[in-house]
Amino acid sequence: MSVELAAVLAGEFGLTRQERAFLVKTRRSLDRLERRHYFQFLRPREKVFKTYLTRQYNRLPVEEQQKWLDLTLDSMLAKGGEPDLVDCLVMNVIGPLRVFHHLRRRSEERGIRLKVMTSFGGLSMVLYLVVIITAVVLYFIARY
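Each residue of the sequence shown is one higher than the last, beginning at 1 in my numbering.
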């Protein structure tokens, strides 16, 4: 799915062959020069890409929307759960929590082990709770 959507975006927005290749790579796999090019040229246009993909996604019937989710999950599972740049755009269109929820469930069903930072959702929730509880405790200690 990533390759097809990268080709669609390249055709729609006139991206170069190099920029299309960036879209199917993960952020971690970009080297320094690629990352610089991404943040200078592609990142500022990301909102336009998301708007275009959102319009395309909303026009589809429910079955096709589910197909987008399934293809994105398959693409991410092939990389150990790490999304490439096109997968990130599609995740923002579909909803990141929905995608990560299905990703975790599908990886458990298929027995695919996810990479370390892929399933950070639960850990970040724990960190937020610890920070909030600590702030409340410090507030009451300072107040009395």
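Bear in mind the hints are in silico, worked out from the structure with no lab data behind them.
Glycine residues also receive a C-beta, built at the ideal position from the N, C-alpha and C atoms.
Warning: the hint list may mix true and false statements.
[What the hints assert, rightly or not] Beta-carbon label-pair distances, calculated as ranges:
| id | residue 1 | residue 2 | range |
| --- | --- | --- | --- |
| 1 | Glu63 | Ala10 | 22 to 30 Å |
| 2 | Arg98 | Tyr128 | 14 to 22 Å |
| 3 | Thr16 | Val137 | 23 to 31 Å |
| 4 | Thr134 | Arg110 | 37 to 45 Å |
| 5 | Ala10 | Val62 | 24 to 32 Å |
[Unchecked claim] Here are the simulated SDA-like pairs of lysine to any residue, each with C-alpha atoms no more than 20 Å apart in a straight line:
| id | residue 1 | residue 2 |
| --- | --- | --- |
| 6 | Lys67 | Tyr38 |
| 7 | Lys47 | His101 |
| 8 | Lys50 | Trp68 |
| 9 | Lys50 | Tyr38 |
| 10 | Lys115 | Thr26 |
| 11 | Lys115 | His101 |
Hint by hint, here is what the structure shows:
The beta-carbon spacing between Glu63 and Ala10, approximately 26 Å, falls within the hinted interval of 22 to 30 Å. For the pair Arg98 and Tyr128, the supplied restraint of 14 to 22 Å holds, since their beta-carbon distance comes to about 20 Å. With their beta carbons about 54 Å apart, Thr16 and Val137 fall outside the hinted range of 23 to 31 Å. In this structure the supplied range 37 to 45 Å holds for Thr134 paired with Arg110, their Cβ-Cβ distance being about 38 Å.
For the pair Ala10 and Val62, the beta carbons lie near 28 Å from each other, so the given range of 24 to 32 Å is met. Annotation: proposed proximity of Lys67 to Tyr38 is violated, straight-line Cα distance about 28 Å (limit 20 Å). For the suggested pair Lys47 and His101, the alpha carbons sit about 24 Å apart, so the restraint of at most 20 Å is broken. Proposed proximity of Lys50 and Trp68 is supported: the alpha carbons are some 14 Å apart, at most 20 Å.
With a CA separation close to 16 Å, the supplied pair Lys50 and Tyr38 stays within the 20 Å bound. Taking the CA atoms of Lys115 and Thr26, the gap is about 13 Å. The hint holds against a cut of 20 Å. Using a Cα cut-off of 20 Å, the hinted pair Lys115 and His101 holds, with the two alpha carbons roughly 15 Å apart.
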